[in-house]
Amino acid sequence: MSRGAPIAVVARPGLGLALGLALTLALGCAGRPVGRGRGDGNAPADARITLYRDSALVEEVHRVAVDRAGVAIIPLAGDVLATAELQVGSPDVDVLEWSRVPSGTTGAEVEVRTSAGDVRGRALGETTDGTQLVAADDGVHLVTGAVVAGGRAASLRVVVAGAPTHATIELRYPSEHLRWHVAYTLIADRGDRGRLHGALALDNQTGRVWQRARFAIVDRDRPIAIPSGLPDERFVVRVRGRFAVTGGEQRLDLGLPARAIPLQPTLVYDPVGTSLDSAAQMPLGDPEYGVAKWPARVVESVVLDVSALSREPLPAGAVRMFAIGADGSLAWRGEGTLLPPADDVELRTAIAIGEADGVTGQRTRTMFERDDANRRLVEEITLRFDNQRQHAVELLAREHLYRGICWTLAYHSTGPRVAKEGEQQVGLGVTVPARATATIVYRVVYQWDSGQCKLSKSAP
Amino acid sequence: MRLVCSRAMPPSPWLCGAATGTALTALLVGGHALAGGREQQTTITIKRAAEFSFGGETYGGAALGAFVTQRRDVEVGADGALRFPGVASTLDPATVELRSITDPATRVIEQRLVNDLVNPEALLLRQLGKPVKVTLVRGEIVGTLRAVSTDAIVVETADHAVQIVQRGAQLIDIALTAATVDQEPTLEWKLATAKPGQHTVEVSYRTSAMSWQPEYSAVLGEGGAVELSAWANVTNQSNIDFVDAQLTLADGGGDGIAPRDGAIASRPASTKPRSWKIARPVTLRTGQSLQLELAPRRSNAKSRKVIVAEALAEQSGADNAEPYAECDSNPRNEHITQYLELEGGPSLPDGRVRMLRRVNGELTAVGEDLLRTNGTTGAVRIGIGAFDDIAISRTQQDCQPGANGRSLDERVELTVANGGKAATEVVIRESMFRWHQWKLLAESEKGTQASTRAQEWRVKVPAGGTKVVTYNVRYTW
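Chains A and B supply the protein sequences, listed in that same order. Residues 72 to 531 in the numbering used here are what the first sequence lists, from first letter to last. Residues 3 to 479 in the numbering used here are what the second sequence lists, from first letter to last.
Treat the hints with care, as some may be off.
Unchecked claim - Pair ranges (Cβ atoms, derived): (1) G175/A with A83/B: 54 to 60 Å; (2) R191/A with S210/B: 53 to 59 Å; (3) W403/A with G226/B: 28 to 34 Å; (4) G300/A with D411/B: 21 to 27 Å; (5) N406/B with A444/A: 51 to 57 Å; (6) A83/B with V142/A: 51 to 57 Å; (7) S346/A with G223/B: 38 to 44 Å; (8) P283/B with G175/A: 21 to 27 Å.
These aren't lab readings, by the way, just hints derived from the structure by calculation. All residues carry an ideal CB built from backbone N, CA and C; glycine is no exception.
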């Protein structure tokens, strides 16, 4: 794929441009310099970057010349200078010492330019009012209102063991100036199949540029404390390819497999949404929280099983669905969201594509009990569905365990038709017979001690 | 007198000196001076307090300054005057020692620290009565500088006219043609010596503006392999560059702080001092931090998870100024921690570790913690959270203070219970919290000394069962 070109992976003539436009619009990058494209696929990466929600972990690789004293100088700029957490190492030589040499004129040869002439010498320093002290051949000068030329650039000075002529130096540092988000486009090329494309919008404000950067995404905050038990890291999604990255905004292709995946039409009842979610360990104890007259609307949707494309949970992002029209053009169908990855989450999402006629839902809180002695809170929700259609419908009720993050589904009436879809979200499936009603009842237990916080799929 | 700047003056490319007709006495780089170019030898020992954790918080690690020794050939005047420029501006004058190797009988009669670094006002004041050329927007004034204030300077010209020049935008340049830049921190002495002339002297002092701290980087690889890098982060804020110094980094021991300004008196050495000598000359530039390899990087080091059971807070009493001589002293703080342990290796200080992990080639962050070291075996441990199945209890079975009030014998029983479903190997770690001089008289299991203040026993605890370790210890002080 050439640099700067929109992504085009659909075989139909004329469709590539439309898809590229769709992705561009989806990421909000239209009219900006987007898409630097893949770098040289065979050359080693000059940076390995792992993107977290709150920051990035950058590992730069520099091949540098080493002088006879074992000293290598690497020019620095941007975040490498700013961070106190810089680590320097090498895979092929022993690094004995390293230090940052800050930029500046002090101590360096300078030319101080004034309206009355120039003063050449070595800068001794600068006062807060801008007076330059310069040691010149004719004495010491105190110069005001001058422009100083010269000085040294910031650099990293690395001393290595042995007498190599060259060395590979790796710099590792965190940066909060590499912001990103992901968006997906689903192209339904037939009624029951579709292709998912992912794009990573990157805003590089680090002051660094890379020619062949490799990316991985871990869709959660970068950990500060070492997690208990040192569990495996399971949320690493590698972005295929290497990219030239400059400053500012650009878009990278996530490189998802191009194969079509099945789309399962279904009806979705999701009256609450994520707006009430409280991501706290201590659950919200207000008995009236989440008790309201919720909309009865049920929407036509397609359920997308992402596990066919990635074993790891993909980063969260909006999923826009388009269908291919008879003339090959794209028609917008609807929008859903891939939620942030969480433990034992089903890799699927539902995309709403229209209102479902003849089917309505009702959500009622039917029990609430707070047990402070045992530090738990129990809530029961009853969902009732009315199907006026002439045929039975399959319906997915999406429920949000919004009071807190430590919850257990103690009971649900849907048998095996339950899936954890997100950190605080479950999907409960039910068949509603023709011209009849069906009911889902579930009971959730919130705890505020570390306890069993995982979804229980089996009824007690 | 002219200012001379030359790249040819080793070892620094930034050397500037003032040719005075006698000797190069001043070296200055960017507002701070260089020490080393004229030194025969500079040795520096930088101290820090040992680091330890208590109740989950990390304490210690305080910077305790540095002890600097500079050996140099100098010229002692016939009147016994000696100038020694290029010392740390932050030195403690009370700690200065001068020793003449040429004439060991040399005595110091007077000592003064001249610590007047370059700044425009001080420079102007020192040039009163000396030539000056002032460049204004309109023309120049050449003469002798007669007075200086923040608002104006006064110049007497060749025709004895006095000109008051306002300091403002119209004043472009003040050229002080007789100025030198030898205003680096300088020690000046009046010596009593029978041999004026050339001496080789050794000047030593304590300075507060140098510090170091250990920092570690651990990268977890496949199969539990760990790449461990150990660094010393050395900071120099002494306003002097030390070039090619012999550097030793030390921690532990007494804090070496003199009782003054309301501070408490110096504490005795409650931990055994340790030091790490850097094998090659090191240049420490002021205002910069330098990362020095503290030990060669360990690649593919094998690690394993260990469970450490402690009945007392880790390193309890490590910071106490006097022994816990009361038998009922009992700083209990049971906690069970899981660690990633790397065996063997050089003795290293405790310090912060940043842990990363490679997952299918991608670098991910794991987190930070205190890396704990075993000074006896060289093993290092990185905490990876609590472990719920194990519990520990501690019972004092006997306690007998010595008759002379200078010792205490104690018998302690440690019981580890395993509530899990599998037999588990547990390291019982006991802090000898009463005092740093202790000796084990007996132990029911063969243990190992893990530090100057801790003993460890590695035991296997059956599922649902317990394991008991007892020991007798004698503290003396």
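We went through each hint and held it up to the structure:
no., hint, in the structure
1, G175/A with A83/B: 54 to 60 Å, "violated (36 Å)"
2, R191/A with S210/B: 53 to 59 Å, "violated (38 Å)"
3, W403/A with G226/B: 28 to 34 Å, "violated (50 Å)"
4, G300/A with D411/B: 21 to 27 Å, "violated (40 Å)"
5, N406/B with A444/A: 51 to 57 Å, "holds (55 Å)"
6, A83/B with V142/A: 51 to 57 Å, "violated (40 Å)"
7, S346/A with G223/B: 38 to 44 Å, "holds (43 Å)"
8, P283/B with G175/A: 21 to 27 Å, "holds (25 Å)"
Violated hints for the displayed structure, listed by number in ascending order: 1, 2, 3, 4 and 6.
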